[in-house]
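Asker: What follows is the residue order along each chain.
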Amino acid sequence: MSHSESPHRVLDWSVQPPYLYSPYVATVRRAPHHPLVPLPASLLERTGPVYGEGDIGPLDHDLTRNAAKNGEPLGERIIVTGRVLDESGRGVPGVLIEIWQANAAGRYIHKNDQHDAPLDPNFVGAGRTLTDDQGYYRFITIKPGAYPWRNHHNAWRPAHIHFSLIGRNFSERLVTQMYFPGDPLLKYDPIYQGIPNIKARERLIASFDLETTRPEWALGYRFDIVLAGYDRTYFEEEP
Amino acid sequence: MRPQSPSQTVGPFFAFGLVREGGNVLVNEKTQGEHILLRGQVLDGDGVPVDDALVEIWQADAQGRFRHPADPQYALSDPHFRGFGRSGTTGEGFWFRTIKPGPVPPSPVPCIAVRVFARGMLIHAVSRVYFSDHDNTQDPLFASLDPARRETLVARRHLTPAGVVYRWDIHLQGPQETIFFDL
Numbered sequence: 001m002s003h004s005e006s007p008h009r010v011l012d013w014s015v016q017p018p019y020l021y022s023p024y025v026a027t028v029r030r031a032p033h034h035p036l037v038p039l040p041a042s043l044l045e046r047t048g049p050v051y052g053e054g055d056i057g058p059l060d061h062d063l064t065r066n067a068a069k070n071g072e073p074l075g076e077r078i079i080v081t082g083r084v085l086d087e088s089g090r091g092v093p094g095v096l097i098e099i100w101q102a103n104a105a106g107r108y109i110h111k112n113d114q115h116d117a118p119l120d121p122n123f124v125g126a127g128r129t130l131t132d133d134q135g136y137y138r139f140i141t142i143k144p145g146a147y148p149w150r151n152h153h154n155a156w157r158p159a160h161i162h163f164s165l166i167g168r169n170f171s172e173r174l175v176t177q178m179y180f181p182g183d184p185l186l187k188y189d190p191i192y193q194g195i196p197n198i199k200a201r202e203r204l205i206a207s208f209d210l211e212t213t214r215p216e217w218a219l220g221y222r223f224d225i226v227l228a229g230y231d232r233t234y235f236e237e238e239p
Numbered sequence: 001m002r003p004q005s006p007s008q009t010v011g012p013f014f015a016f017g018l019v020r021e022g023g024n025v026l027v028n029e030k031t032q033g034e035h036i037l038l039r040g041q042v043l044d045g046d047g048v049p050v051d052d053a054l055v056e057i058w059q060a061d062a063q064g065r066f067r068h069p070a071d072p073q074y075a076l077s078d079p080h081f082r083g084f085g086r087s088g089t090t091g092e093g094f095w096f097r098t099i100k101p102g103p104v105p106p107s108p109v110p111c112i113a114v115r116v117f118a119r120g121m122l123i124h125a126v127s128r129v130y131f132s133d134h135d136n137t138q139d140p141l142f143a144s145l146d147p148a149r150r151e152t153l154v155a156r157r158h159l160t161p162a163g164v165v166y167r168w169d170i171h172l173q174g175p176q177e178t179i180f181f182d183l
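Protein sequence lines correspond, in order, to chains A and B.
The letter at position 136 of the first sequence is residue 136 when you use our numbering, and the numbering goes up by one with no holes.
The letter at position 29 of the second sequence is residue 29 when you use our numbering, and the numbering goes up by one with no holes.
Only chain A is shown next, with the shape it has when bound in the complex:
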């Protein structure tokens, strides 16, 4: 269906992953089977939690400092920046972005993560920020390591940073993952490959950005995100 046929539809299923993607084994018993029911826009969907500067601490965006105890985290410092846009290409201000990730050795702070890799006493791997008036955001962090998981024989997750975004209303909600350019694990990863549209999945790969890179200090990556939402203009067609 195109947007014009169904003005209330928000998610574009030509670019979104399906619920059931059996190579990602955990989907098999968790994927809903019934077709989704269309939901007309009501005030419930047109509103959502509003965040402001008061919700964010001064170091929340800097994962190299927000959990430091007695030194700097180990690993490769990186700067991740980008812009959150709506489908019309306008920057979305005031989006709460929360990120979480493994440390440089590929280990999460979680009791169920039993990967035989060290924890880092100066790194928790969680941060948050708000987009500015033009929709821009910026994080400073450590490049996460790849880690094994038990989905299939010799399964390794490509390095990735989880992103959670809460936009201006309940429909502007996205949880996704940022990947790194040139990662040889991407083609073996059923979570990444679960996005059927190749161009769509490639949009989850950040680009190396020399403008963001800081001399003698950290490489920079650019990662733009486009949110679905009710605020788009439905009569605008794809160019």
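Source of the hints: derived by calculation from the structure; they are not laboratory data.
The structure presented is a predicted model; accordingly, all values stated were derived computationally and were not measured.
The beta carbon of each residue, even a glycine, is placed where N, CA and C say it ideally should be.
Any given hint might turn out to be false.
[Said to hold, decoys possible] Covered, in the sense of this in silico footprint (three residues per stretch, anywhere, with C-beta under 8 Å from a C-beta of chain B), are these stretches of chain A:
{"no.": "1", "region": "45 to 55"}
{"no.": "2", "region": "61 to 69"}
{"no.": "3", "region": "209 to 219"}
[Unchecked claim] Non-contacting residues of chain B with respect to chain A, defined by C-beta distances greater than 10 Å in every case (computed):
{"no.": "4", "residue": "22"}
{"no.": "5", "residue": "25"}
{"no.": "6", "residue": "45"}
{"no.": "7", "residue": "60"}
{"no.": "8", "residue": "62"}
{"no.": "9", "residue": "76"}
{"no.": "10", "residue": "95"}
{"no.": "11", "residue": "104"}
{"no.": "12", "residue": "108"}
{"no.": "13", "residue": "115"}
{"no.": "14", "residue": "122"}
{"no.": "15", "residue": "124"}
{"no.": "16", "residue": "135"}
{"no.": "17", "residue": "147"}
Following the hints, position chain B against chain A.
Answerer: Chain B only, in chain A's frame:
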């Protein structure tokens, strides 16, 4: 038009990034309205509780108003009620301390918007909770749903020594699969 960014799973290790102490408590002693506990399980296709899911709710205050500028009555909304809650699941499921929302016109019955995230879900699922002590067929959307399935959206009211508890389980698949919406 810009193409949307695709969704990905929250994975199993989101709690330290997303779940905060008190994030599932939407009320304080000044919040207007009937204070309730909304609780339940997220269940997979085998009926097994999912202990690594994340449930988010969004709702109006007791007068049916949202603390959001899109609500014409924004200025009158309850300053002690933000309306958003987030609960990770454990073996005990999820729970929220909240209030019974007021109905949001034009619907005469209250409901709460829900999102479910989990390992094994490449994309979240959207649902709604209605309340067993209302005639939900007065709600045009509810009334339009398959009568054989729409009861999956109804939380059951229980009066307990600790107060009013609404019990609502989310079945990701199986014979009692919850109705999920395209949003």
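Asker: Now, for every hint given, state plainly whether the structure supports it.
Answerer: Checked hints:
Figure legend: the region 45 to 55 of chain A, annotated as covered by chain B; annotation consistent (6 residues with Cβ-Cβ distances under 8 Å, at least 3 required). With 0 residues having a Cβ less than 8 Å from any Cβ of chain B, the region 61 to 69 of chain A misses the three-residue criterion, and the hint is violated. Counting residues of the region 209 to 219 of chain A whose beta-carbon sits less than 8 Å from any beta-carbon of chain B gives 0, not enough to reach three: the coverage restraint is violated. No Cβ of chain A approaches the Cβ of residue 22(B) within 10 Å, the least distance being about 13 Å, so the stated non-interface status holds.
Distance check on residue 25(B): its Cβ is at least 14 Å (rounded) from any Cβ of chain A, clearing the 10 Å threshold; non-interface status holds. Not every CB of chain A lies more than 10 Å from the CB of residue 45(B), the least distance being 4 Å, so the non-interface label is violated. Under the 10 Å C-beta cut-off, the non-interface status given to residue 60(B) relative to chain A is violated; the minimum distance is some 7 Å. Interface exclusion of residue 62(B) from chain A stands, the closest Cβ pair being 15 Å apart, more than 10 Å.
Residue-level check passed: residue 76(B) sits 14 Å from the nearest beta carbon of chain A, beyond 10 Å. The Cβ of residue 95(B) sits about 19 Å from the closest Cβ of chain A, beyond the 10 Å cut-off, so the non-interface label holds. Not every beta carbon of chain A lies more than 10 Å from that of residue 104(B), the smallest distance being close to 5 Å; the non-interface claim is violated. Residue-level check passed: residue 108(B) sits 13 Å from the nearest beta carbon of chain A, beyond 10 Å.
The non-interface label for residue 115(B) is inconsistent with chain A: the shortest C-beta to C-beta separation is roughly 6 Å, within 10 Å. Against the 10 Å criterion, residue 122(B) falls within the reach of chain A, whose nearest CB is about 4 Å from its own CB. The non-interface label for residue 124(B) is inconsistent with chain A: the shortest C-beta to C-beta separation is roughly 6 Å, within 10 Å. Non-interface status of residue 135(B) relative to chain A is upheld: no Cβ of that chain comes within 10 Å, the nearest being about 18 Å off.
Residue 147(B), annotated as away from the interface, keeps every beta carbon of chain A farther than 10 Å; the closest lies near 13 Å.
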